[in-house]
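Chains A and B, in that order, give the protein sequences. Each residue of the first sequence is one higher than the last, beginning at 0 in numbering that gives the first Met the number 0. Each residue of the second sequence is one higher than the last, beginning at 0 in numbering that gives the first Met the number 0.
A couple of the hints might just be wrong.
For chains that are exact copies, the list does not tell them apart, and a pair is met inside one copy or across any two.
[To be verified] Straight-line Cα separation of at most 25 Å, DMTMM-like style, residue types lysine to aspartate or glutamate; simulated pairs:
no.	residue 1	residue 2
1	K62	E104
2	K62	D21
3	K62	E33
4	K62	E151
It should be emphasised that the hints constitute simulated quantities derived from the structure, not laboratory data.
Residues per chain are reported as follows:
2 protein chains.
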Amino acid sequence: MVTTTAVRRGPRSGPDRHRTRDDILVAARRQFAELGYERATLRVIAAEAGVTPRLISHYFTSKQRLFVEALEIPFDVSVMFGGSSDLDPEQAGRHVATVVVGVLESERGRQTMIGVVRAAASEPEAAKLLRGVLLERLIGPIAAVLRVPDPELRAGLMASQVVGLVVTRYVVGLEPVAHCGPDRLVSILAPVFQHYLTADLEASDAPLSA
Amino acid sequence: MVTTTAVRRGPRSGPDRHRTRDDILVAARRQFAELGYERATLRVIAAEAGVTPRLISHYFTSKQRLFVEALEIPFDVSVMFGGSSDLDPEQAGRHVATVVVGVLESERGRQTMIGVVRAAASEPEAAKLLRGVLLERLIGPIAAVLRVPDPELRAGLMASQVVGLVVTRYVVGLEPVAHCGPDRLVSILAPVFQHYLTADLEASDAPLSA
Numbered sequence: 000m001v002t003t004t005a006v007r008r009g010p011r012s013g014p015d016r017h018r019t020r021d022d023i024l025v026a027a028r029r030q031f032a033e034l035g036y037e038r039a040t041l042r043v044i045a046a047e048a049g050v051t052p053r054l055i056s057h058y059f060t061s062k063q064r065l066f067v068e069a070l071e072i073p074f075d076v077s078v079m080f081g082g083s084s085d086l087d088p089e090q091a092g093r094h095v096a097t098v099v100v101g102v103l104e105s106e107r108g109r110q111t112m113i114g115v116v117r118a119a120a121s122e123p124e125a126a127k128l129l130r131g132v133l134l135e136r137l138i139g140p141i142a143a144v145l146r147v148p149d150p151e152l153r154a155g156l157m158a159s160q161v162v163g164l165v166v167t168r169y170v171v172g173l174e175p176v177a178h179c180g181p182d183r184l185v186s187i188l189a190p191v192f193q194h195y196l197t198a199d200l201e202a203s204d205a206p207l208s209a
Numbered sequence: 000m001v002t003t004t005a006v007r008r009g010p011r012s013g014p015d016r017h018r019t020r021d022d023i024l025v026a027a028r029r030q031f032a033e034l035g036y037e038r039a040t041l042r043v044i045a046a047e048a049g050v051t052p053r054l055i056s057h058y059f060t061s062k063q064r065l066f067v068e069a070l071e072i073p074f075d076v077s078v079m080f081g082g083s084s085d086l087d088p089e090q091a092g093r094h095v096a097t098v099v100v101g102v103l104e105s106e107r108g109r110q111t112m113i114g115v116v117r118a119a120a121s122e123p124e125a126a127k128l129l130r131g132v133l134l135e136r137l138i139g140p141i142a143a144v145l146r147v148p149d150p151e152l153r154a155g156l157m158a159s160q161v162v163g164l165v166v167t168r169y170v171v172g173l174e175p176v177a178h179c180g181p182d183r184l185v186s187i188l189a190p191v192f193q194h195y196l197t198a199d200l201e202a203s204d205a206p207l208s209a
């Protein structure tokens, strides 16, 4: 049997350059998700991507930098808020819940989020890197879209529920949350996101509108 | 300078037996919280407790067993639901939010929960152990108290928000969630817990009552 796998030894040029870089990112995401930040060494990631560790250093300079680049938060804020202006504010919670559950139910989105949460929960250095990524790529853009007081706090509260869902449903597999159907989950989460998005967070626990 | 620290070499009898066992549990909680399940070795825990690793094996038989025993979920379900019968159902969400935030703001409760979440998020074996502990000590008792459909799902949803809060507020330190005052946090979370506790989870995203 002939195997066609070969280790690529040097940087490429042209279109191949992007493919190699993407291969490394895909391998990094998978290894960070599986092993966590510390145990996913450049050597392991290089082996999975079929390149040398030196090539990873060439493209990304350091493991920290590779982690930040690989940490592609899978939520597209412009999709989440449906172009922002044409989204009915009273439907925002349901819309966000639909997008969030949809991303988490896709293999890639789930894998990315598991990697993000695992790294953040277990390793202080990864948590610090993640904090910066979340603020820059998620909290900031969401805050810019929301026309309500305390947009950063609202974005952070939504993030807390999403993170908790990732841990209980996908990492721990806590039943029956783990096997709750996606549509039902959207309906359950919609009023919670609506609350975090639009409720008067200064008021005491007044009835929430969905 | 004379040091008074001495390593205790053998099992004790009488009241000291309990003290030694408790010392080991306290050390285990601290080390699991700080290092995670895998890196917190019996040797490290023994050193912190001032005993021999052999003594830990004597009391707890294995690291798995020590982890399960040390995993004292800091939420007392009877406190959480205020004796269950005399708690106004419409105030249940606020009451649970008050208890949850109170526990997380105490050093011991926070440390325990960080340990629990870290271990579960990063290590499959710990996640499996935790799933059993959560079902037996938290989800089960809560489900027994709730006189609503789907009590396990409700308990699991509440757990998901608590876990997410632990990760974002205490582990990652995501601002401004990390510095939101406890009273404000209780008010923000109260309607969410109320929703998870009492809302019609089959219905679509109808307005939540707090």
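The hints, checked one at a time:
no.: 1; hint: K62 - E104; in the structure: neither (28 Å within a copy, 34 Å between copies)
no.: 2; hint: K62 - D21; in the structure: within (15 Å within a copy, 41 Å between copies)
no.: 3; hint: K62 - E33; in the structure: both (16 Å within a copy, 23 Å between copies)
no.: 4; hint: K62 - E151; in the structure: neither (29 Å within a copy, 41 Å between copies)
Comparing the model with each numbered hint stated earlier shows that hints 1 and 4 do not hold.
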